[in-house]
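**Q** For reference, the chains in residue letters:
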Amino acid sequence: MATRELMYREALREAIDEEMAANPTVFIIGEGIAERGGSYKVTEGLLAKYGPKRVRDTPIAEAGMIGVGVGAAIAGARPIVEILYVDFAMLGMDMIVNQAAKFRLMTGGDGRVPFIMRTQGGTGGGVAAQHSQSLEALFYHIPGLRVVMPSTPSDAKGLLKYALRQEDPVMFLEHKHLYMTKGPVPDGEHVVPFGVGDIKREGSDVTVIAWSNMIPRTLEAAEALAAEGISVEVIDPRTLVPLDRDMIIKSVLKTRRCVIVQEANRRGGVASDIASIVQEECFYEMDAPVEIVAGMDIPVPFNLTLEKASVPQKEDVVAAVKRVLHVQSLAAAAE
Amino acid sequence: MGTAASLQNAPSREFLEKLFRTAFKIRVFESEGIKLYRQGLIRGYFHPYLGQEGIATGVCAALSEGDYIASTHRGHGHCIAWGADVRKMVAELLQKETGYCRGYGGSMHIADISKGNLGANGIVGAGTPLGVGAALANQVKGSDAVTVTFSTDGASNNGTFLESLNLAAIWNLNYILVVENNQYAVSTRIEESTRDTDLYKRGLAIGVESHQVDGNDPLAVHAVMEQAVATCRAGKGPVLIEAKTYRHMGHHVNDPGKYMPEDELAYYKARDPVDRARNALKEMAGVSDDEIAAIEAEIAAEFADAVEFSKNSPEVTPESFREFAVGY
Ligand SMILES: Cc1ncc(C[n+]2csc(CCOP(=O)(O)OP(=O)(O)O)c2C)c(N)n1
Ligand SMILES: [Mg+2]
Numbered sequence: 019m020a021t022r023e024l025m026y027r028e029a030l031r032e033a034i035d036e037e038m039a040a041n042p043t044v045f046i047i048g049e050g051i052a053e054r055g056g057s058y059k060v061t062e063g064l065l066a067k068y069g070p071k072r073v074r075d076t077p078i079a080e081a082g083m084i085g086v087g088v089g090a091a092i093a094g095a096r097p098i099v100e101i102l103y104v105d106f107a108m109l110g111m112d113m114i115v116n117q118a119a120k121f122r123l124m125t126g127g128d129g130r131v132p133f134i135m136r137t138q139g140g141t142g143g144g145v146a147a148q149h150s151q152s153l154e155a156l157f158y159h160i161p162g163l164r165v166v167m168p169s170t171p172s173d174a175k176g177l178l179k180y181a182l183r184q185e186d187p188v189m190f191l192e193h194k195h196l197y198m199t200k201g202p203v204p205d206g207e208h209v210v211p212f213g214v215g216d217i218k219r220e221g222s223d224v225t226v227i228a229w230s231n232m233i234p235r236t237l238e239a240a241e242a243l244a245a246e247g248i249s250v251e252v253i254d255p256r257t258l259v260p261l262d263r264d265m266i267i268k269s270v271l272k273t274r275r276c277v278i279v280q281e282a283n284r285r286g287g288v289a290s291d292i293a294s295i296v297q298e299e300c301f302y303e304m305d306a307p308v309e310i311v312a313g314m315d316i317p318v319p320f321n322l323t324l325e326k327a328s329v330p331q332k333e334d335v336v337a338a339v340k341r342v343l344h345v346q347s348l349a350a351a352a353e
Numbered sequence: 003m004g005t006a007a008s009l010q011n012a013p014s015r016e017f018l019e020k021l022f023r024t025a026f027k028i029r030v031f032e033s034e035g036i037k038l039y040r041q042g043l044i045r046g047y048f049h050p051y052l053g054q055e056g057i058a059t060g061v062c063a064a065l066s067e068g069d070y071i072a073s074t075h076r077g078h079g080h081c082i083a084w085g086a087d088v089r090k091m092v093a094e095l096l097q098k099e100t101g102y103c104r105g106y107g108g109s110m111h112i113a114d115i116s117k118g119n120l121g122a123n124g125i126v127g128a129g130t131p132l133g134v135g136a137a138l139a140n141q142v143k144g145s146d147a148v149t150v151t152f153s154t155d156g157a158s159n160n161g162t163f164l165e166s167l168n169l170a171a172i173w174n175l176n177y178i179l180v181v182e183n184n185q186y187a188v189s190t191r192i193e194e195s196t197r198d199t200d201l202y203k204r205g206l207a208i209g210v211e212s213h214q215v216d217g218n219d220p221l222a223v224h225a226v227m228e229q230a231v232a233t234c235r236a237g238k239g240p241v242l243i244e245a246k247t248y249r250h251m252g253h254h255v256n257d258p259g260k261y262m263p264e265d266e267l268a269y270y271k272a273r274d275p276v277d278r279a280r281n282a283l284k285e286m287a288g289v290s291d292d293e294i295a296a297i298e299a300e301i302a303a304e305f306a307d308a309v310e311f312s313k314n315s316p317e318v319t320p321e322s323f324r325e326f327a328v329g330y
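Chains A and B supply the protein sequences, listed in that same order.
The numbering used here puts the first sequence at residues 19 to 353.
The numbering used here puts the second sequence at residues 3 to 330.
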C-alpha cells in the first residue's frame with residue numbers, strides 16, 4: 019500500500035480532520051486548541067475549517083471540561099477533550115472514573131459514552147514531576163475505559179479514527195516525545211481497531227513487549243542486540259485495554275522468553291499485570307522468568323540526568339534481554 | 003423571597019390537573035416506596051423527594067419532548083415528573099431485570115437516555131457538567147433543545163458547579179441549572195457551608211440570568227421555568243433558578259432527621275407542595291373533592307400495579323451478567 023511520511027502530530031490531525039468531515043457530531047474542546055492550534059499543534063487549521071462551534075477553547079477548568087465532554091457523549095455527540103498533560107486529567111478523575119466508566123453498566127447497557135480524552139504523558143522534556151507522568155495504570159485499572167497508547171504516526175491516526183467510531187470512553191494517551199517523530203502512514207482510509215497488537219520487529223530469541231515511547235527505545239535496543247546475534251521480537255499492544263493477549267501469548271510460546279518495558283514506575287503498573295498473564299499462560303514453556311524494565315518508584319525529577327535515570331533507557335532493555343537469555347551466565351560458564 | 007412573574011391567563015384545568023397528578027404521583031411513589039423499603043423489598047440508598055415535589059413538577063411541566071434532564075441522588079421525583087414508567091422504576095428499585103437499568107443501577111442511577119433523561123447520580127454535583135455537556139452536544143447538533151440539571155445546595159460548593167455554569171455561559175448554551183435548596187446536606191445546614199445562603203447570586207456573579215423562587219409552589223416554579231426556557235430558546239442561556247424548599251424527613255430512609263427543628267419542619271409542611279397543587283386544582287379550576295379522590299385512587303392503583311409487576315418480574319441472573327461483562 020502507498021504511504022506518506024507524516025509526523026505523529028500530523029497523523030493525529032488527519033484523523034480528527036477526516037472524522038470531523040465525515041461526522042458533524044465530532045467536535046473538539048481544549049485549552050488553546052482553536053486559534054493557537056494547541057500546544058503540540060495537533061489541531062492547527064481545524065478552527066478555520068470547521069468553525070468555532072466545533073473547535074473551542076476552554077477556560078482552565080479540567081473537571082468541568084472533562085465532565086462536559088462526558089455529558090455530550092452521553093447525549094449523542096462525539097466530543098474530543100484535549101487535556102494538555104495527563105497530569106491535569108487528575109482534576110477530572112470523578113468524571114472519568116465515576117461517570118464515564120460506569121455509565122454503561124449503571125444503565126444496564128443502554129447508555130454509551132463515546133467520549134475521547136486526548137492527552138499526553140511521559141518524560142523527555144525536563145518538565146519535572148507534575149508534567150512527566152505515565153499514568154496509564156490508573157485508567158487500565160478502571161473497568162469501562164479503553165486505554166490507547168500509539169507509538170507511531172500510522173497507529174496514532176488509525177487508532178484515533180477507530181476511537182471516533184466506537185462507543186466507549188477512550189483514554190487516548192499520546193507521548194510528548196513522539197509528536198515530532200516521523201513515520202509512514204498509509205494513503206486513503208486507515209483505521210486500526212482496538213485490541214489488535216502489532217509486531218514492530220520479528221524475532222526468535224526473546225519477546226519484548228512495550229508501548230508508546232518505549233517502542234522506539236526498544237527497537238534501538240533490538241538493533242544493538244541483533245549486532246550481537248540476538249534476535250528480538252518487539253510487540254506493541256497499541257491498546258492496553260482491550261489487550262491483545264493472544265499475540266503476546268503466541269509470541270512468548272515461540273521465543274520462550276519475555277521482557278516487558280514500561281516508562282511508568284513499576285509498582286502496580288500495567289507491566290506487572292501483563293507479566294501475570296504471561297506466567298499464567300506460558301509458565302511451563304518458558305526458559306526464564308519474565309523480566310520487567312520499568313521506571314523507578316519515585317516522582318520524576320527535574321534534573322535531566324536524574325530524569326533519565328528514573329525511566330528505562332536502551333541499555334536497560336539490552337541488559338534485561340541478556341539476563342533472560344542467560345548470556346552472562348553462559349559467558350561465565352565458558353570461562 | 004422573589005416570586006415568579008404572575009401568569010397572564012388563568013391556567014387551564016388540564017394544566018392544573020397535570021401538575022397535581024405529577025406532584026401526587028411522586029408523593030405516592032416515595033411514601034409507598036418507603037413502605038416497601040421497610041418490608042425489606044428495597045435495599046441500598048433511598049433518598050425521598052418528599053416535600054420537594056413542587057420543583058420537579060413545575061420544572062418538567064415547562065419542558066418539551068426532545069429536551070434533557072440530569073438528576074441527583076434524590077432523583078425519583080425528577081424521573082416521574084419527566085414521565086417515566088413507574089413499573090420500570092419500581093422494578094429497578096426491586097433490582098429486577100425489567101427495571102430501567104436491568105437492576106444494575108438502582109435508585110441512584112435510574113436513567114432513560116432514549117428519552118433524554120441523563121440519569122440520577124451517586125456523586126453529588128456530577129449532574130452539572132453532564133448537563134452542560136448535553137446542552138453543548140445539542141448546540142453542536144444545531145438543536146434548540148434545553149437541558150436542565152437538577153442540582154442541590156450541597157453541590158453548589160463543589161468546584162464543578164462554577165466550572166460548568168461558566169462554560170455554559172461563555173458558550174450561551176440552552177441550559178437551566180435548577181438548584182434545589184432544601185437547606186441541608188445530610189445534617190449540615192446551609193448556613194454552615196456558605197456565608198451567603200442566597201445561592202442564585204452565584205449565577206449573577208458570572209453574568210448568568212438568575213432567579214429565586216418558592217420551590218414549594220409548583221405554579222411559581224413553572225412560571226419562572228417558562229421564562230428561563232424562553233431565555234434559552236432566544237439564545238440567551240444559561241439560566242440559574244434557585245428553588246427554596248425543605249425535606250419532609252431525614253436525608254434518606256434510615257435517617258430519622260432529629261437535627262431538623264420541629265417548628266421549621268412544621269412551617270414547610272404547612273406549605274406542602276402537593277397540597278398546593280391540589281388546592282390550585284380545586285380553587286382555580288373548580289374540581290370537586292370526588293373528582294380529586296378519583297385521580298388519587300387511579301394513581302395509587304398505578305403504583306400498586308407497578309409493585310405487582312415488579313414482584314412478578316424475573317430475577318437478574320449471574321449468567322446474563324457474565325455475558326454483559328464480556329469485553330469490559
Ligand atoms: C462527591 C460526593 N461527596 C459526598 C457524597 C455523600 N453524600 C450523599 S448525599 C449528600 C448530601 C447532599 O446534600 P445536597 O447536595 O444538598 O442534596 P440533598 O441531599 O439535600 O438533596 C452527601 C454528602 C456523595 N454522594 N458524593
Ligand atoms: Mg440539600
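Each hint should be verified, as a subset may be incorrect.
[Claimed, not checked] Calculated pairs, DSBU-like style, for lysine-lysine (alpha carbon to alpha carbon, straight line, at most 30 Å):
{"hint": "1", "chain 1": "B", "residue 1": "K20", "chain 2": "A", "residue 2": "K71"}
{"hint": "2", "chain 1": "B", "residue 1": "K260", "chain 2": "A", "residue 2": "K59"}
{"hint": "3", "chain 1": "A", "residue 1": "K340", "chain 2": "A", "residue 2": "K218"}
{"hint": "4", "chain 1": "A", "residue 1": "K67", "chain 2": "A", "residue 2": "K218"}
{"hint": "5", "chain 1": "B", "residue 1": "K37", "chain 2": "A", "residue 2": "K71"}
{"hint": "6", "chain 1": "A", "residue 1": "K179", "chain 2": "A", "residue 2": "K200"}
{"hint": "7", "chain 1": "A", "residue 1": "K67", "chain 2": "B", "residue 2": "K313"}
{"hint": "8", "chain 1": "B", "residue 1": "K143", "chain 2": "A", "residue 2": "K67"}
{"hint": "9", "chain 1": "B", "residue 1": "K37", "chain 2": "B", "residue 2": "K20"}
{"hint": "10", "chain 1": "A", "residue 1": "K71", "chain 2": "A", "residue 2": "K59"}
{"hint": "11", "chain 1": "A", "residue 1": "K179", "chain 2": "B", "residue 2": "K117"}
{"hint": "12", "chain 1": "B", "residue 1": "K37", "chain 2": "B", "residue 2": "K260"}
{"hint": "13", "chain 1": "A", "residue 1": "K71", "chain 2": "B", "residue 2": "K143"}
{"hint": "14", "chain 1": "B", "residue 1": "K20", "chain 2": "A", "residue 2": "K179"}
{"hint": "15", "chain 1": "B", "residue 1": "K271", "chain 2": "B", "residue 2": "K238"}
{"hint": "16", "chain 1": "A", "residue 1": "K268", "chain 2": "A", "residue 2": "K332"}
{"hint": "17", "chain 1": "B", "residue 1": "K313", "chain 2": "B", "residue 2": "K117"}
{"hint": "18", "chain 1": "B", "residue 1": "K117", "chain 2": "A", "residue 2": "K71"}
{"hint": "19", "chain 1": "B", "residue 1": "K271", "chain 2": "B", "residue 2": "K260"}
{"hint": "20", "chain 1": "B", "residue 1": "K271", "chain 2": "B", "residue 2": "K203"}
{"hint": "21", "chain 1": "A", "residue 1": "K332", "chain 2": "A", "residue 2": "K59"}
{"hint": "22", "chain 1": "B", "residue 1": "K143", "chain 2": "B", "residue 2": "K117"}
{"hint": "23", "chain 1": "B", "residue 1": "K203", "chain 2": "B", "residue 2": "K238"}
{"hint": "24", "chain 1": "B", "residue 1": "K90", "chain 2": "B", "residue 2": "K313"}
{"hint": "25", "chain 1": "A", "residue 1": "K59", "chain 2": "A", "residue 2": "K218"}
{"hint": "26", "chain 1": "B", "residue 1": "K20", "chain 2": "B", "residue 2": "K238"}
{"hint": "27", "chain 1": "A", "residue 1": "K71", "chain 2": "A", "residue 2": "K218"}
[To be verified] A partial selection of chain A residues facing chain B, derived with a Cβ cut-off under 10 Å:
{"hint": "28", "residue": "Q117"}
{"hint": "29", "residue": "T125"}
{"hint": "30", "residue": "G162"}
No lab work stands behind these hints: they were computed from the structure.
In this text, all values refer to a predicted model and were calculated from it rather than measured experimentally.
Here a beta-carbon is modelled for each residue, glycine too, at the ideal position from N, C-alpha and C.
**Q** Can you name, in rising order, the numbers of the hints this structure does not satisfy?
**A** 1, 2, 4, 5, 7, 14, 15 and 27
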